[in-house]
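Number of protein chains: 2
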Amino acid sequence: MRKYFIAAVSAALVLLTSIPALADEGMWTYHDFPSAAVAAKFGVTIDQAWLDRARLGTIRLANCTASFVSPNGLILTNHHCVESCLAELSTQQNDLVGNGFLAGDRAKERRCQTQIADVLVGMTNITDRIAAAVAGKSDRTANDARKKALTESEQNCEANSRKDRKSGPLKCETVNLYNGGQYWLYQYKRYTDVRLVFAPERDIAAFGGDPDNFQFPRWCLDMGVLRAYENGKPAQTPQHLNVNFDGPKAGELVFVSGHPGSTDRLLTVAQLETQRDIDIPRWLLRAAELRGRYVQYAKSSDEAARSVEDQLNGLENSIKVRRKQLDALLDDKLIAAKRDAETKLRASVAADPKLAAAIGDPWSDIAKAQAVYRTLQLPLTFIENGAGWGGHLANYARVLVRAADERAKANTDRLREYTDTALPRIEQQLAAAVPIYPEIEIIRLTFGLERMREWLGPDHPLVRELLSKESPDELAHRLVSGTKLNDPSVRLALWNGGRQAIDASDDPMIVFSREVEPEARALRKRYDDEVEAPVEAASEKIARARFAALGTSVYPDATFTLRLNYGTVQGWRENGVEIAPFTHLSRLYERATGAEPFKVPDRWLAAKPRLDMTTRFDLSTNNDIVGGNSGSPLINAKGEVVGLVFDGNIHSISGSYWFDTAMNRTVAVDTTIIRTALHDVYDARALAEELGIR
Amino acid sequence: MRKYFIAAVSAALVLLTSIPALADEGMWTYHDFPSAAVAAKFGVTIDQAWLDRARLGTIRLANCTASFVSPNGLILTNHHCVESCLAELSTQQNDLVGNGFLAGDRAKERRCQTQIADVLVGMTNITDRIAAAVAGKSDRTANDARKKALTESEQNCEANSRKDRKSGPLKCETVNLYNGGQYWLYQYKRYTDVRLVFAPERDIAAFGGDPDNFQFPRWCLDMGVLRAYENGKPAQTPQHLNVNFDGPKAGELVFVSGHPGSTDRLLTVAQLETQRDIDIPRWLLRAAELRGRYVQYAKSSDEAARSVEDQLNGLENSIKVRRKQLDALLDDKLIAAKRDAETKLRASVAADPKLAAAIGDPWSDIAKAQAVYRTLQLPLTFIENGAGWGGHLANYARVLVRAADERAKANTDRLREYTDTALPRIEQQLAAAVPIYPEIEIIRLTFGLERMREWLGPDHPLVRELLSKESPDELAHRLVSGTKLNDPSVRLALWNGGRQAIDASDDPMIVFSREVEPEARALRKRYDDEVEAPVEAASEKIARARFAALGTSVYPDATFTLRLNYGTVQGWRENGVEIAPFTHLSRLYERATGAEPFKVPDRWLAAKPRLDMTTRFDLSTNNDIVGGNSGSPLINAKGEVVGLVFDGNIHSISGSYWFDTAMNRTVAVDTTIIRTALHDVYDARALAEELGIR
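From first to last, the protein sequence lines stand for chains R and S.
Using the working numbering, the first residue of the first sequence is number 1, and each one after it goes up by one.
Using the working numbering, the first residue of the second sequence is number 1, and each one after it goes up by one.
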């Protein structure tokens, strides 16, 4: 699957020859991992040393997970996690997505300009600090005070780390767990020089394409290899994980260490209904149409197909996710179960007069805020959140225009995405000389403007202002052909020039963005004050109620921060048919049609005679993962990598809301096919050697 | 507004100077019109002569309503109802959709090859006949027997009419009212020679385009004029309606006579949930993507834009309808109200032991059938109902292949859409020399194949068979470039050649359709037996329960058969703002941007100095209409046409499920702007004279 919505790692030494299917639900933090439960259930000891090793071997990429697999900074992740980098490095003459890439030696490893690699090196509970900052304040003032306190924590943490010789400068990010129930300050070592080492051809990495996405059985070599650099040299990473190229066994205990992006299991019924009624259907309608525009554009030439492929893949992946999320929310059983759980929690509050007096009725507060949100959702989505414009160029303009205002303020007064902690990452992206395709920019921008006019109506003041004389097509053409924002040096000049440079600019995209900005700001303010503030306050109260009833025996929703979970290698039963947990190489060839996306690359056809057709290819486990876990190492009880998580089955998507023990499965590449690929297909000698393949 | 989902007629003499907003719900049949209620409420007498006149002046077109407005067969309807005809008559050199059309004299009126005009001349209640045919049979056998009896009734009716010198040959169609509560045999006089007389430019007919569709206030001259011919001469139509070019007054009683296409107000909760969870979301996803493909294709050249416009307009209209239908179904208040009504009706059955014993629990029967349908819906939609292929050429092939089998059977054994009654209309469509655009055919077919593979999965047996060696693109190109079905004579030869010709054909599109046919047939059979049969049986039982509780004080759901309803000219309140019931010409010019779809045609710009800017343009009423009512005459109490229904407001779309008195409004063209247009803008002298414009 792609970027958002995948995977979970699990690793284990098989102590029992066969473990029955168990409900191994939970995306546990490293500071609250239930080692006792694992010991009781599997007889396996997960001690602090094991946890530290797994944590320090796990990497957070921009949208994915990865792991260090050599002492010299070698990183194993998914092909779909390096696809953007491949696309950025591709040209009409050399399509790295289609053809794959093998550096061969280190001098030929190529920088992924927009990539980063973060390792979680410290975790501090700051719940009390944040609670003190908001105590006694109204929802709205508390919301501002909370954000100020979070910014301050991050700012101090980074400043201190810069003075600390041992740690060196760290990235500090606060994390909200249990929807406001806990606040943590996570500290990361960040690598910003990440280079491409190896990627197979798209046709084997994503064999089956979108039709097979979120399906199992599966035959995808969804792997990509990067390397972290420091000071121009391969990073020293003694904390790496070892790869065991024999893969796991059926029934084996396995762990997934990674960064699940987002789940909504703790939301109230009112919040789920907002997603069901408004957010997801509207998003799907827009995404499906944009997909149609991309697909049609891709058919206009080979170069069009190549240049739009990465964006189209991401979009199709998200469509499948949202579609199945909507199915889950439309299942009245799910809403009934959520309503039931909510009723029970409310009853437990009512039974505790002191607690009841302290928190009131936060469920109603959230429902009221949802009603406000429903009236705001359309203008907010189109004007503030970008559905009404879109494309790289318009996004650059938005960031530059907004940052110019924000950076003139004190750090703690800024919107959280423009604090000092966030600026280096923005600057990295502005400076990256990635290709911009004007035709695709025009498609995106025209589409956004057309749909904004449809949904907000032609008489909405901003719509009238923007489109009073030009059609969406005409406006988009004028902006895209007239702007200079495709040039990184122009972007950096505007970035460094601050508000004065922005105010003075006559770049048409900057002018457009300035025109949108006042209404966008006003909507954001209304959202923050009238929706976010009461929801944050109420959610924190619900978290208190939940802690009172359940303690921390439940895990927090996913937040794209590091989690660990456990499960076993197993298939499932689908319509009475048993799905086996492993696929094998032979079936790849049988299933090929010769036409994409079911085409086996030439290299694999040529290698066929010398390959063992019984080699295991992909596998399924019952670990509890979600998008963001893509690229996670599947780890055995000895702490070795035995698989590379890249997807979940179709039932895993409902994992956004609940964990379906019987059906929800993680899908991973078996390390045995990785050995075969590197050694017998790609003849990647140096890489194989570095990975310890004989 | 377009084709499906529009309008309702109402006409009235204002006896009271101001009538408050009243809930004038109901799409009444002409045989059960509540004249007494109208008399009581408005003091207006609607007698049988009035009803007969309105009925005989109303026309059913292929997808719309219309009315006779001169004794020489002149027909008034909407521009969007003649848009397909305009597109069929257009060429790259002469775009009649864009430029409009004025015949000037009768010799230049141009045939709309796929159009028909039906006038309802007789109505016979055959409920008892159908009840006798199914009595004592199991659901499945009853379903077959019912269809046989319906076919027999139509067959006998048509045979008798051919012997009747007075009536001449008639089209006979059975109608199922109240979901099986009543069966009627409707007899129509059908005109198959319908010619184009006048259409304005698209830019004034559909001013505001899709963004303004289903909106009010509005400035659309959505009119088109046709003429019925018999034996090559203008049809004699003494039963026509007179047009009153002074339009209606605010608050005036008005009637809509027309053919509302389909409503689902009497469905059970289980059936509504099927629409909410499955049918509408899946349809919307596909339609939105196809829209994106069409839009992107349209941008590739002027000719591409011209050739795809008609299909794109229809699609965008349907998307807006389905989107708001989904919103309505996602409104828990609607489902709660439906559940409440259902509970009450079930209670009334339970209180009547004799009735309860006779009908059992039909609601559960329907719920069970819905569960079966949910498992069948995907393959049925893609394989039998055409979502997996699509386009004109593939549709011709399906009809030819299936008709070859069906026509070899006895008339009463055939699928209902291939009975003798239906064949002439099929043949008319096969014989029509309408333009086929290969590029659009390829878009449709590729799209269908790609989505079929996505939704049924690449391992579905039929998907594997069709796409084992070719990609969807390759297959679609081969079929479209290889088929000869774009030639009407080839189609007719296959039609006349019957099964032998079909079996012998090596036309690739016929070969493809033959390959799909067995699985499509099997799915259709399962649907008919396992879903339709129990739902028909149960619905008839629910109708009995409803009649027992309510009599015929309720109206039947819309069935694209003739209905009459009443209401008054009025606006509504939206977010605290009063919407006035009339728009005026001046605002058209103020609102224009110069770019489509907000561009005023040159002719209207040139005419501006001589036009009265206070002329009324469009208007709103509270009549209860739905798609199919497009083109309906808005009639006053004297039986004169005072408006031309072309749309509903955005709230009217929830009218599929219930009538929202406060918000649901019909939108019509005022006859005053029609006079201005014909007389002062288009200088359409002969036409103006025939319509009685001085």
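Hint data in this document are derived by calculation from the structure and do not stem from the laboratory.
Glycine is no exception: its CB is placed at the ideal position from the N, C-alpha and C atoms.
Careful, some of the hints might be misleading.
[What the hints assert, rightly or not] Short derived list, chain R residues pointing at chain S, Cβ under 7 Å:
hint : residue
1    : 288
2    : 296
3    : 470
[Unchecked claim] The list that follows gives simulated cross-link-like pairs (lysine-lysine, DSBU-like), each with its CA atoms no further than 35 Å apart:
hint : chain 1 : residue 1 : chain 2 : residue 2
4    : S       : 469       : R       : 608
5    : S       : 525       : R       : 333
6    : R       : 41        : R       : 638
7    : R       : 137       : R       : 368
[Stated by the list, open to error] One-sided and incomplete, this derived list gives chain R residues near chain S with beta-carbon spacing under 8 Å:
hint : residue
8    : 276
9    : 289
10   : 433
11   : 469
These are the hints, each one checked on the structure:
no.	hint	verdict
1	288	4 Å, holds
2	296	4 Å, holds
3	470	6 Å, holds
4	S:469 - R:608	20 Å, holds
5	S:525 - R:333	31 Å, holds
6	R:41 - R:638	17 Å, holds
7	R:137 - R:368	19 Å, holds
8	276	7 Å, holds
9	289	4 Å, holds
10	433	28 Å, violated
11	469	6 Å, holds
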